[in-house]
Every structure is written in C-alpha cells, then in structure tokens.
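Letter 58 of the sequence shown, counting from 1, is numbered 58 in the working numbering, and no numbers are missing.
What you were told as hints is all true, and nothing was included just to trick you.
Lysine to aspartate or glutamate pairs mimicking EDC-like chemistry, simulated, CA-CA at most 16 Å apart:
no. : residue 1 : residue 2
1   : K233      : D212
2   : K128      : D101
3   : K128      : D148
4   : K188      : E157
Derived CB-CB ranges, DEER-like:
no. : residue 1 : residue 2 : range
5   : R228      : E91       : 29 to 35 Å
6   : Y229      : E91       : 31 to 37 Å
7   : A167      : D203      : 28 to 34 Å
8   : S168      : R100      : 30 to 36 Å
9   : D111      : G61       : 18 to 24 Å
If you're looking for bench data, these hints aren't it; they were derived computationally from the structure. Note that the structure is a prediction, hence the values are computed from the model and not measured. From the three backbone atoms N, C-alpha and C, an ideal C-beta is built for every residue, glycine too.
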Amino acid sequence: MFVVYAHRGASEYAPENTMSSFMMGVQMGANGIETDVRRTKDGVLVLFHDGDFKRVIGCEGCIADYTYEELMQFRVKNEKTDTWDIIIKFEDFLRYLGFRDLHFAIELKEDLAQETIEMLERFNMKDKAIITSFQFDYIKRVKELRPDWRIGYLVREVTDEVLSDLASVGGEQLCPRAKFVNAEDVAKWHAMGLNVRAWGVTDFALMKNAYDCGVDGMTVNFPDQLIRYMTAKQ
Numbered sequence: 001m002f003v004v005y006a007h008r009g010a011s012e013y014a015p016e017n018t019m020s021s022f023m024m025g026v027q028m029g030a031n032g033i034e035t036d037v038r039r040t041k042d043g044v045l046v047l048f049h050d051g052d053f054k055r056v057i058g059c060e061g062c063i064a065d066y067t068y069e070e071l072m073q074f075r076v077k078n079e080k081t082d083t084w085d086i087i088i089k090f091e092d093f094l095r096y097l098g099f100r101d102l103h104f105a106i107e108l109k110e111d112l113a114q115e116t117i118e119m120l121e122r123f124n125m126k127d128k129a130i131i132t133s134f135q136f137d138y139i140k141r142v143k144e145l146r147p148d149w150r151i152g153y154l155v156r157e158v159t160d161e162v163l164s165d166l167a168s169v170g171g172e173q174l175c176p177r178a179k180f181v182n183a184e185d186v187a188k189w190h191a192m193g194l195n196v197r198a199w200g201v202t203d204f205a206l207m208k209n210a211y212d213c214g215v216d217g218m219t220v221n222f223p224d225q226l227i228r229y230m231t232a233k234q
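Can you make the complete structure from the sequences, with help from the hints?
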C-alpha cells in the first residue's frame, strides 16, 4: 500500500504540526501523517519541527525554554494562508487521531525514544507507527528498547555507511531526499528488504518523479495534489 503522509499535516495550506493541519490532511484523503516530537521545559512532549521559533512563530526562543502552559501564548502561523493555530501536545494528537485508520511517521527531533515509545504504547500505536530520525543514535535506541518496533532512517544522501547502519539494527524504512531518488536505486533498496519513503517533496516535479520511481510513500505538504496524481495514473 502506498502511503501519502501529510507532512506536518497539510502544511502547504495550514499551520504546520497543528490540529487544523492534521485534520485538513485527513480530509484531503491522506492515509498517513508525519510529525515531529520535542520536549518542553516541564517535560511535556509536543509537536514542533524547528529548533527555534523564528520561522513559524516569528520571535526568539525554542520549545525547551517554556513550560507547556507558557507555550499557549504563542501561535503557529501559515503565512501563505494567513491562518494560525496553537502548539499541540503529542498526547492530544494521539487521542484525536490515533484511533483512525492511518499510518504515522513520528520523527524524533531530540533523544526522546523512551518517552515517545511509552506515549505511543498508551494509545496502542505499535502497528500504526514508525519512529524516524536524522540522528541514527535516536532510532538505534528505539531498537534497543523495543526490537520489534519499526524505525526509519531519514538521510540527505544514501551511502554504503547509511545502508550498513540501518541493516545493523534491523531497520525497516529508508527515507531518502526526493531530489536524489531514481528508479534503479529504489529497486536496489527494495531488494534489500527496505520500505522506501521520500522526503523533501517541495514541488510537483519532485513528487511526480518520486512516485514514478516506485517509492512506497512520501511526506508531502500538499497531499491533495499527490492523491490527484495517483488517481490519474490508475
């Protein structure tokens, strides 16, 4: 099954990593959601991508500087659509969306393997979730804690070292940058038993190429466009 992961929700149209963005992605027909986990000053897991507030909130600071209650003063914005929403707890995200028939890609932005797994387990998410990171040590830790949980390795370039590291921990998913995806490599990675999910799908051309190369899924800010393309190809 090809998985259309709404990247931080339908983040082309709504404030990323917010409930409005996630729900829009689901309403557009995405069968997956991708999001990012960080920890607040008081230890609450929240969904936020960047290391600081500048891009999506427009001020100085970062998640770890504030308690969750203090974070409620801030608004996440989508400048293209002039819309806004609040930072959401990981727990609330799972409560509202975890029961749905969706796939979930949960990216660790910090060393939060233990806390993330425990939260996912509270909502019986083992069979729906894959835990990912650009930091190999983070996903390696997931396998140390729960060998039967699925992990994905986000990489900017696929090297022999990347493939060796992923194989060494029994990793299930390889996540290459879309601009470097080609059909020959996808076939090779499939032959190695890997699921392939493209990221960095910034425009229609990259989206089309990744899909045509045979990837198993992709994270995309505009899931509606990918679904239309897939429908037209059928």
